[in-house]
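The listed protein sequences derive, respectively, from chains A and B. Counting in our numbering, the first sequence runs from 4 upward without gaps. Counting in our numbering, the second sequence runs from 4 upward without gaps.
Worth double-checking, as some hints may not be accurate.
Claimed, not checked - Computed list of chain B residues with no C-beta within reach of chain A, every gap over 10 Å:
1. 99
2. 207
3. 211
4. 233
5. 237
6. 253
7. 258
8. 263
Unchecked claim - Listed below are the simulated SDA-like cross-link pairs for lysine to any residue, each with C-alpha atoms no more than 20 Å apart in a straight line:
9. 167/A x 160/B
10. 288/A x 324/A
11. 323/A x 202/B
These aren't lab readings, by the way, just hints derived from the structure by calculation. This one's a predicted model, so the numbers in the text were calculated from it and none came from an experiment. For glycine and all other residues, C-beta sits at the position ideal for the given N, C-alpha and C.
Number of protein chains: 2
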Amino acid sequence: MDQLAPPFDPKDFRRALGMFATGVTIVTACSEDGTQVGVTANSFNSVSLEPPMVLWSLANNARSLPVFIATKHWNVHILSNEQEALSNRFARSGEDKFAGLPLDKSVSNAPLLTGCSARFQCRTAFQYEGGDHTIFVGEVVQYDSSTLPPLLYVTGGYALAARKAGPVSTEAQANIEGALYSENLLGYLFGRAHFQFVHGLRGTLQQRKLSDTDFFVLSLLSVRQPLATEEIAAHIAYTGVDLASGALQSMVQRGLLLEQPGTPTFLRLSPAGSDAILHVLAAAKAVEADLVNRMGELESAALRNLLKQAILATDPGLPKLWQAPDTSDTA
Amino acid sequence: MDQLAPPFDPKDFRRALGMFATGVTIVTACSEDGTQVGVTANSFNSVSLEPPMVLWSLANNARSLPVFIATKHWNVHILSNEQEALSNRFARSGEDKFAGLPLDKSVSNAPLLTGCSARFQCRTAFQYEGGDHTIFVGEVVQYDSSTLPPLLYVTGGYALAARKAGPVSTEAQANIEGALYSENLLGYLFGRAHFQFVHGLRGTLQQRKLSDTDFFVLSLLSVRQPLATEEIAAHIAYTGVDLASGALQSMVQRGLLLEQPGTPTFLRLSPAGSDAILHVLAAAKAVEADLVNRMGELESAALRNLLKQAILATDPGLPKLWQAPDTSDTA
Numbered sequence: 004m005d006q007l008a009p010p011f012d013p014k015d016f017r018r019a020l021g022m023f024a025t026g027v028t029i030v031t032a033c034s035e036d037g038t039q040v041g042v043t044a045n046s047f048n049s050v051s052l053e054p055p056m057v058l059w060s061l062a063n064n065a066r067s068l069p070v071f072i073a074t075k076h077w078n079v080h081i082l083s084n085e086q087e088a089l090s091n092r093f094a095r096s097g098e099d100k101f102a103g104l105p106l107d108k109s110v111s112n113a114p115l116l117t118g119c120s121a122r123f124q125c126r127t128a129f130q131y132e133g134g135d136h137t138i139f140v141g142e143v144v145q146y147d148s149s150t151l152p153p154l155l156y157v158t159g160g161y162a163l164a165a166r167k168a169g170p171v172s173t174e175a176q177a178n179i180e181g182a183l184y185s186e187n188l189l190g191y192l193f194g195r196a197h198f199q200f201v202h203g204l205r206g207t208l209q210q211r212k213l214s215d216t217d218f219f220v221l222s223l224l225s226v227r228q229p230l231a232t233e234e235i236a237a238h239i240a241y242t243g244v245d246l247a248s249g250a251l252q253s254m255v256q257r258g259l260l261l262e263q264p265g266t267p268t269f270l271r272l273s274p275a276g277s278d279a280i281l282h283v284l285a286a287a288k289a290v291e292a293d294l295v296n297r298m299g300e301l302e303s304a305a306l307r308n309l310l311k312q313a314i315l316a317t318d319p320g321l322p323k324l325w326q327a328p329d330t331s332d333t334a
Numbered sequence: 004m005d006q007l008a009p010p011f012d013p014k015d016f017r018r019a020l021g022m023f024a025t026g027v028t029i030v031t032a033c034s035e036d037g038t039q040v041g042v043t044a045n046s047f048n049s050v051s052l053e054p055p056m057v058l059w060s061l062a063n064n065a066r067s068l069p070v071f072i073a074t075k076h077w078n079v080h081i082l083s084n085e086q087e088a089l090s091n092r093f094a095r096s097g098e099d100k101f102a103g104l105p106l107d108k109s110v111s112n113a114p115l116l117t118g119c120s121a122r123f124q125c126r127t128a129f130q131y132e133g134g135d136h137t138i139f140v141g142e143v144v145q146y147d148s149s150t151l152p153p154l155l156y157v158t159g160g161y162a163l164a165a166r167k168a169g170p171v172s173t174e175a176q177a178n179i180e181g182a183l184y185s186e187n188l189l190g191y192l193f194g195r196a197h198f199q200f201v202h203g204l205r206g207t208l209q210q211r212k213l214s215d216t217d218f219f220v221l222s223l224l225s226v227r228q229p230l231a232t233e234e235i236a237a238h239i240a241y242t243g244v245d246l247a248s249g250a251l252q253s254m255v256q257r258g259l260l261l262e263q264p265g266t267p268t269f270l271r272l273s274p275a276g277s278d279a280i281l282h283v284l285a286a287a288k289a290v291e292a293d294l295v296n297r298m299g300e301l302e303s304a305a306l307r308n309l310l311k312q313a314i315l316a317t318d319p320g321l322p323k324l325w326q327a328p329d330t331s332d333t334a
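Starting from the given sequences, assemble the full structure and let the hints guide the process.
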């Protein structure tokens, strides 16, 4: 651990404080002349249950400070996972932050934003000195909450939270530190998650007499078609499947794909191929829905997010599958 | 959103407050007679940069309140991901919370715990009324931090944080809501993460003339051996590999596995099989290390955690691979 003696480097001190994760809030109020103000703050916290009280602090040089001091009413909005842009909007100064935003009815004239994880409508109970900030302690006069996963701020960036899981298959005492192959290897966890997911489709695949390779090719063409044989190979090669062994030709012979005459040969889904992949993808949706239901929305969103990071970190340069249509030649 | 009018149901109010994610801290102090006290608190937050100040609040009925009021010195520890047990220990009352804990040297006599994400050594600047809690605002006289991922508390449970990622391959405008097959499907993300990881081993596998099936079987036996043919099949079947097609016999013929005579037939790694899997697992470790380095420790820990949740949620009842030796018959 790096120890620094005073005087403090504010930047380093801020970085150390950033190790304390927080949610992100927007606190709003309305001045006597009807001007709406709002600031992004992560200095919020609960204080008291009886009476119900929360607190937050605002820099003494904040332009909106006089309004928060003059009015006794302010609303705290705990932002959801989807409200990163709103957080950024209220963290900046100078524009009409409320332009175009739908507002709910509030017990005071303080603006009440929508789409949040929770909201607390407060009346100032105490206003305290706190160095270069003013601490507002508010009595909560009304509140509500949703099930939307909250947005987080930690170590200087936005984040998602995910509950801690128990071990998958390891008896605690058998977990040998530093073992070459353990259940903590991401490589193992990726494979097991993948194959267990596909296992949930196995019945549908077998019923339709589809191999894993058939499944990959049909899925690919369900997103983009027609594709040349070489393009299909480029998309699929990283799975270790060797299309040179006649897999595509077999799919044509079984009536799953249609060949477009010409050089190079382009392939598209036949009506039977379309029907097959629609059924398999519907089964995949069902497995997915069951998984999300078991894990929870919060964890599923966090998992998607992290898998994307892992995929970006290990991408061998795959062609992009989902892509906006190229409109450059129509300009 | 569910709106509730006062009077408040404290439980529901607490649940709504729980939508605000926080880190977890332990705040410690020492009484004049040398008694060490410490409490788990998530009411911590930063207040001021100049002078550097932080705050937290403590219930007025807490047994340690008199000590925190009498002493002017207290230390705030932002707990790391690994300190969940420590958090639980200091959240309970009545035992000697500091028993067996290593302590670092502190600028005051307040105990300074180790292994944290950050620590702030404070002197009370203000002590404020806050309903059923007392708010302590402290000037930070010393601090330090590590790179250990912080522990989180959100919606009533411990959690990990993970940075938000950008899209993998989707141009934002091409991302069709509700599409049957999109890059937001966990099923797609699992497969892509898995195959990209194995792609990083492909060279080593090819060099050793190992198929994916060979790789799975050798990995399995590197953890547990000998195993009967049926046991190997039970561990591997969920991957869709059909061992009935003679894959194990081929591995014996290629000198990777040794058969133990008897019924049922047990298989173990040959010296050549051991050597092969050691090399492949070393390559896997390198791919893993590179991935963790790119993603960061925090994200990697969170990803492992979530993959385990997904695996537990989709487990078709696989036999446990890592397991403590069965000692029931030796008792």
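(message) For residue 288/A and residue 324/A, compute the direct alpha-carbon distance and say whether it is at most 20 Å.
(response) Within the cut-off at roughly 19 Å; holds.
(request) Could you check that no beta carbon of chain A comes within 10 Å of the beta carbon of residue 263/B? (result) 22 Å, holds
(message) Verify this label for me: residue 207/B is non-interface relative to chain A, using a Cβ-Cβ cutoff of 10 Å.
(response) Consistent with the label, residue 207/B stays out of reach of chain A, its closest Cβ about 12 Å off (over 10 Å).
(request) Over 10 Å to the closest beta carbon of chain A is the bar; see if residue 99/B clears it. (result) Given that every Cβ of chain A is farther than 10 Å from that of residue 99/B, nearest at about 25 Å, it holds.
(message) For a C-alpha distance cap of 20 Å, please report whether residue 167/A and residue 160/B respect it.
(response) Holds, at roughly 8 Å.
(message) Beyond 10 Å on every Cβ pair: is that true for residue 237/B relative to chain A?
(response) Given that every Cβ of chain A is farther than 10 Å from that of residue 237/B, nearest at about 13 Å, it holds.
(request) Find the nearest Cβ of chain A to the Cβ of residue 258/B and say whether that gap is larger than 10 Å. (result) 21 Å, holds
(message) Please verify whether residue 323/A and residue 202/B have alpha carbons no more than 20 Å apart.
(response) 17 Å, holds
(message) At 10 Å, judged by beta carbons, does residue 211/B keep clear of chain A as stated?
(response) Given that every Cβ of chain A is farther than 10 Å from that of residue 211/B, nearest at about 14 Å, it holds.
(message) Just want to verify: residue 253/B was marked as not at the interface with chain A; is every Cβ pair farther apart than 10 Å?
(response) 18 Å, holds
(message) A cut-off of 10 Å on Cβ-Cβ distance, and residue 233/B was said to be off the interface with chain A. Does that hold?
(response) 19 Å, holds
Consistency with the previously given hints is maintained throughout, with no hint failing.
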